[in-house]
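Asker: Top to bottom, those sequences are chains C and Y.
Using this note's numbering, the letters of the first sequence map in sequence onto residues 1 to 272.
Using this note's numbering, the letters of the second sequence map in sequence onto residues 1 to 261.
Keep in mind the hints are simulated off the structure, nothing from the lab.
Nothing here was measured: the structure is a model prediction, and the numbers come from that model.
Hints should not be assumed to be uniformly reliable.
Claimed, not checked - Among chain C residues calculated to face chain Y with C-beta under 10 angstroms, some are:
1. S48
2. G49
3. F66
4. V70
5. V83
6. Y85
7. E89
8. A121
9. A125
10. P133
11. Q134
12. V137
13. R147
14. A148
15. A150
16. L157
Positions of the beta carbon are idealized from the N, C-alpha and C atoms, including for glycine.
Chain residues, written in single-letter form:
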Amino acid sequence: MASVTPALLAEIREKRYQRSRGASPHVALANLSLHIAPGEIVALVGPSGCGKTTFLNIVAGLDSEFDGQVRLAPRADGDPARVGYVFQEPRLLPWRTVYENVALVLPPHRADPLIADLLKAVGLADARDLYPPQLSVGMSRRVAIARAFAIEPDLLLMDEPFVSLDHDTVEQLRELLLKLWHARPTTVLFVTHDLREALALADRLVLLSASPAHVVGHVPVSLGRNHRPSGSEIELLRDEVLRQHRELIGGAPPMTPLEPPAIASPTARGQR
Amino acid sequence: MSVPSDAPRASSWLVGASLAQRIASVALLIVIWQVTADALHSRLLPSATAVLIAMVHMCADGSLPLNLGITLARVVAAFVVAMVVGTAIGIVMGRSRTLDVLFDSWLVLLLNLPALVIIVLAYVWFGLTEAAAIGAVAVNKIPAVAVTLREGARALDRNYADMAQSFRVGRWRTLRHVIMPQLYPYLFAAARSGLALVWKIVLIVELLGMSNGVGFEIQLYFQQFDVTRILAYTIAFVAVIQLIEWAIFQPLERRAARWRP
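Kindly produce the complete structure, drawing on both the sequences and the hints.
Answerer: The following block contains the structure:
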């Protein structure tokens, strides 16, 4: 895997914020280094407020005031990589219909059939002419996901995609994402503070320390794309991760592990 | 007046009646006017029928539509200039702290400058020209538009702009589909009060320095104490402005707000 050009290469030496006038700057990220292979699904796990969203915004190109570099592998045709971003709140434009919200991110001439397909895939074919204020939270989230997939992203960023949803909706959305990834493979980087969620979806967990955030460990979840861990397997994996990374629960000072914990069979990785 | 028992029907009944009430209200005013005029029997307060007859005559000889058209053209020109320039200034000042600090005092000064002063100075400096007239009206309106749009620009949601940027929506499409819709309520507020102000100032500009238009005609009939024709022009113009409000502003505003639940 090391020989492949990474889909994303991020080396953040430092990212600091001036929170208010006169206050000393807050260091959000320090020596955060992350490489993601093409097609890999990576979950960024860390305590709340550790700078995960800051990191996603840097990767998305929304924040250029940092010390370090971010490189995205260009597309096969040489164009710059396309980044789809599912924000923590759906960020749909309330004055545009569901259809128009997705159409906004596409060139006008190729909008129609593609959007129809996507809305069907996320189960919103009947909602295409509704306005966002008419949608439930879960539906809005699905529109935001459809919008991110519409541009056929080379890298899909998701910020807490399941936060503030009820259990059933989370289940549905998780199934939906796995289905979409299967049909439209792409590299994914998603942020969560929920270990179970990360283990259920990702190929690899990247554990971040409390702020200033840096990587404290990698956890491969190597059961292969077609074999997602079951509920009981997730609990086992979760206990294992928590045992090795106490700071994830307590917020205690991070202890940098020497080796990533091998917690699942490494053989299955070859199936991809 | 009996109040129906269930609330939704009551409100829809009231809305339905409001147009009828409006007509009744206007009719009442006309009746009072007619009765008073008949009682006083003075040249200085012509009756409603006399004004209507004068209006018909002035339409027949073409003078009313012509002057109405000329004034309306000036209103539209001044209104468009004021909206475009005021919107641009407002957005820039709302987005840039430096420029806001630099020009805020200028804006306050302009806001407090009497319309008459601006008009007189425009005529003195630029002559009794069409451009000076329209420019003077626009300058009267620009600061109010700028202040309203500055509020709008300050309230723009950064999250939407970030979304557009991360999806590479493009500058023009972002401006048109992401930024402007957030400003529509402010634009409509500015346009509404703008039209009301602009047409009143256009009449003064015409009265002071133009040789045609409704303002000029009113001055002419003022010198002849012809109240009948003054009222005929007034009523015709008020009707036209109200028509613009109904036929253009309200449908546009409804369209822009159609997504609101």
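Asker: Which hint numbers doesn't this structure obey?
Answerer: Violated hints: 1, 2, 3, 4, 8, 9 and 12; rest satisfied.
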